[in-house]
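When we follow UniProt numbering, the leftmost residue of the sequence shown carries the number 1, and every step to the right adds one.
What the hints contain is simulated information worked out from the structure, not anything from laboratory work. Yeah, the Cβ is synthetic: ideal placement off N, Cα and C, and Gly gets one too. Please note that a few of the clues may not be correct.
To be verified - Pairwise CB distance ranges (calculated):
#1 Arg77 <-> Gly103: 12 to 20 Å
#2 Arg195 <-> Gly51: 49 to 57 Å
#3 Asp182 <-> Thr34: 27 to 35 Å
#4 Phe133 <-> Ile35: 46 to 54 Å
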Amino acid sequence: MSPRHSAAEAARTRERIIERGLDLASVEGLEGLTIGRLAAGLGISKSGLLGHFGTKQALQLAALERAAVIFNAEVWRPAAGAAPGLPRLRAVCEAWISYLARGVFPGGCPFVSSTFEQDGRSGPVRVLLQRQFHAWNRRLTAEVRTAVANGGLPRGTDPAQLVFELYGVMMSLNHAIQLHGDDAATTRATTAVTRLLPREGPTARPVRPASGGKPAR
């Protein structure tokens, strides 16, 4: 086998490991990513798997990085083309709800499960998870501030509070779907988001008829 083919095969194997590891982590948590269990599920040796990642922690970090790429593609990218501010916030939340409702990962959002799992822990995995959440928080906060600036949301809106509440909706949705199999959860989440992000901004004004004209009916 040529070096080029060997490198391509190694890259494909690494992708399989990350994909399988991420699916497993969504169900079992990052601590469930044991080298032996993952190797057996993929039909490769432990030494072969260790050759790609070296340690369990390296595999956990790779899984979190891939989860961020998928989350961005599923939630941010579909909404990126919407107008900045309230329209984009609503589009993000719609995509976020869809991402959870469609079960992109078999065990639900891996960030939700990892957050609970990493409570009280320390180390590189927790640090990466915090950095990922902070980056998403900054993105949402920036959109809230834009919505306030352009009149989509009231001037007194607290961006941190609103983002906190949006997180709460999505965490509750993931919980309701994964633990309870609640068929009404998606509708409830959509209703909650609509209350937090009204379709019409607070500065909306009725259209006035031209001089001498009559109001449209």
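message: Tell me the numbers of any earlier hints that the structure contravenes, in ascending order.
response: 4
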